[in-house]
Amino acid sequence: MLRNFEFLKIGHQGILKQFLITFLPLSVLVGGVLLIIHQAESKAERGAISINETRNVDLQAKIAANDFNLIKSDLMFLATENELQSMLNRPGGTTETLELRQAIAKEYFSISQQKQLYDQIRFLDITGKEIVRVNFNKGQPSVVPDEKLQVQAKRYWFKDTLSLQSGEVFISPLDLNFERGKIEQPLKPMIRFGTPVFDSQGQKRGIVVLNYLGEKFIQNLQKENSTTLGEILLLNADGYWLKGPKPENEWGFMYENRKDQTFAKAFPKVWQQMATTESGQFQTAEGLFTFKTLYPLLEVQKAQSSTGATRAFDSSQGKVDAKSYRWKILTHVPPAILNVRSQSSFKRLLLFYLVMTGLIGVGSWLLALSRLRRQQADTELQATFADLTAIIDNLADGLLVTNTSGQITRFNPALLKMFHLGDIDLKGKDSKEISQAEIADLVKQTHKQSREIFTSEIHLAKSRVGQALATNIFKEASKDKTARWLGSVILIRDITAEKEIDQMKTDFISTVSHELRTPLTSVLGFASIIKEKLETNVFPLLSTEDRKLQKTIKRVGDNLNIIVSEAERLTYLINDVLDIAKMEAGKVEWQMQPIDPSELLDLATNSTAGLFQTNSLELVSEIEPGLPQIVGDRNRLLQVLINLISNAVKFTESGSVICRVKRENNGVCISVIDTGIGIAPEDQPKVFEKFRQVGDTLTDKPKGTGLGLPICKQIVDHHGGRIWVESELGNGSTFSFIIPTTESDQKTTANLNLDALVKQLKEHVITTNTVLNQNHKMILVVDDDVNIRELLRQQLENQGYNVREAKDGVDAIHQIKTARPDLILLDVMMPQINGFDVAAVLKNNPQTADIPIIILSIVENRERGYQIGIDRYLTKPINTEKLLNEVGSLLYQGTSSKKVLIVDKNESTLKTLSDVLQAQGYSVIEASDPQECINKVRSVKPDMIIIDSIFSEEGDLVKALQFEKELENVFFVMLSDQ
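The sequence shown begins at 134 in the working numbering and counts up by one.
Honestly, the hints are just simulated from the structure, not real lab data. Glycine included, every Cβ here is placed at the ideal spot set by N, Cα and C. Check each hint, because a few of them may be wrong.
To be verified - For lysine-lysine, the following DSSO-like pairs were computed, each having C-alpha atoms within a straight-line distance of at most 27 Å:
# : residue 1 : residue 2
1 : Lys632    : Lys595
2 : Lys452    : Lys195
3 : Lys577    : Lys562
4 : Lys1044   : Lys1074
5 : Lys595    : Lys565
6 : Lys1044   : Lys976
7 : Lys239    : Lys262
Stated by the list, open to error - Derived Cβ-Cβ restraints for the label pairs, each shown as a range:
#  : residue 1 : residue 2 : range
8  : Ser596    : Asp520    : 31 to 37 Å
9  : Ala742    : Asp574    : 27 to 33 Å
10 : Asn920    : Ala742    : 35 to 41 Å
Given only the sequences and the hints, what does the whole structure look like? Please build it.
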């Protein structure tokens, strides 16, 4: 980085020049923009003022016209009032007339008090004498007594009103009120509204007059225009101020010494335009003038007026036409007010410009300085980028980077070499264009935009194997923003050597485990025989009184139990090792079928019920109702659940274990929750690794091989599910796994209990064949290990069977040709010819094909055995009870009856049943309709027929089949939806 003092040198690398290049254009630009803004604001402000003033003037003109019509309504009401008409139609001087005058006065009083608009309300007879008058002073009305009533015959308004016809209204000019021949003080502007009154005979009997308070009109004018920015003014037709800027300018036409106090003199140019225009708006040097002409006589129907008089008892000069009786309502906004906002805006923008100029100056200076830093940063960035490119290009691992659309943005030479792509440019290409589909799948997985790391094994060129790790690239977010997804990165490592070493290790473990099974079979078998012989033949003969002898007998029995127990435990450990090896090699035989999750949990809890009793723990089952079925290997999933429950019991000293089954997302989630010791956070990722034991292995005795949970993970992964652990040290653990659900149609095997079906077929075999003398059955034991042969001989002879031995496959074939046995026990791993080949020879020979064969081997390859046609497949160490049951079943059967015909129109049902039965060693023939069924029955002659109940009802199909030759004893199984 450059030192700070270098940036302060004005002449350093032309900083000043760079500063001015930036500063001057920006300053001018900002100034110009602000000037345009000022002009626009000023124009907009003036437009708003203009609209506001026009609105105010129009509004006041409408209000004035409305007020005049309301006054006329009051006037006409008073002229036709009932009491007044009654008084006019009665002879004068009567008592009733006095009462009517009082009633009229009361009515006038009420109107005056309610309206508060009229200075006087009065009725005058045709001589000009006031008959009734009500005055309004200081906010209160009062009835004028008779002695103070006046004669107004000489007043111009009386004469002009009396001359009108019925329904006509006289409106006097707006002038000042005279009292006793003088202008009343304080000034009282007045407009007189009058109309003649007629009796029932049509005779004119007087007038009604309302003295409207002009001050009220002027006050309303100011109130209603309170939003105006200037002054509200009112002019008469001659331009005299009725409401002016100053009181001394007003009512000039009423005073001899004020005749020159007119608007025309004050604003001659404006008046010149206003006098000839109805309404408008003018802006001059004196300000903004907005006006409108009001015609009271046009607004009030049948209204007339006169010139009025400037002295009390003068007559008017004559009538005034409606167009001549007019007022000008106007507002005047002085220039100072017009410009105040514009000036305020200018000052504000000027201040803003000064601030902006300062900021521009600082920014321009910093920008000039930053260019120096940027130049150096660019240099450093280029160097860093070159170093990073060199690192990436020299990575031994392949690197692939894609954007959010899956297009490749970066790769390295190692990637091209791994896939033998040659020297091509992958940038911009879709990741799918790389030959391996696993790459595109990984990219697709990362599009979930999670922060998970996805792994996958991929095939490289030249039969090599790679391990790919993929994850998302996120640009870290600030506090108020979320992280932005940029794409994905995949790192590929060639793990061919590691895979080979791992395979060698797996092969070694598998070989050792297999080799251990043979001696372990002998140890477990002979120990069981010794125990049985001692308990049945030796111990009963010994003295029961000798305590020392009894103690020795008990110790011998306990020791034998220990040998058997430890041998069985070693068998379980070896089975775990072989299980994980087979799963990694992909050699596990999966029996996939629909499974009820609640049934699976019941089986597991029943199998582990003894553990809970022994450890005094409570087992709680929580099953959500209405769970869908899952598709999986029943035994393998049961193995997972039993393992999880056993672990929970093993690590829980007190409390309970909860087994919870519920629907979650697109699968069924099964959780085993304990209240045990828990697992530390750093150990939780290790629990599914092979041979891992959490905790301190120096102080805590290992409880197993560390293969149980890895096997569980392999099983769950194969089902497309997921297994995980949630735990807190000291607060127990929760192991959960999800198995996806699949939708099946109504006629699939979802309603079939396949285990029950297979069991039923086996029971049929036992009970439907001719029972021969079991004690004379000959069994051939074929095994290259003499100890195993001896063990089997003793076990079988104890059951009363005759036993012959063959030391290998060649010897076995030779003995079978010489003397046919009733059943064969066959080992797989033997010299010269293995057990599978021996079984194939026998099953392909019509003379020996029906001899039942049981394979006993350390090798688990049931699929191959059943494909050959063997009847049972058992693994070493030998489960004596199971072996003897299978031997008894097959000997009871007599021959190998393995042909099964399945008749069902549903392809899914056919495939599922066929897969399950073939895995159990049956030869399966399929038919999808009744006619095909009959044809195959006649050609194949099956031992058993499994038929859809719908087909069985068509034309008595079952009855027809039973009458077929050689099918009298065929066993039928009906499939039903119920």
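Exercise. Which of the listed hints are not met by the structure?
Worked result: 9
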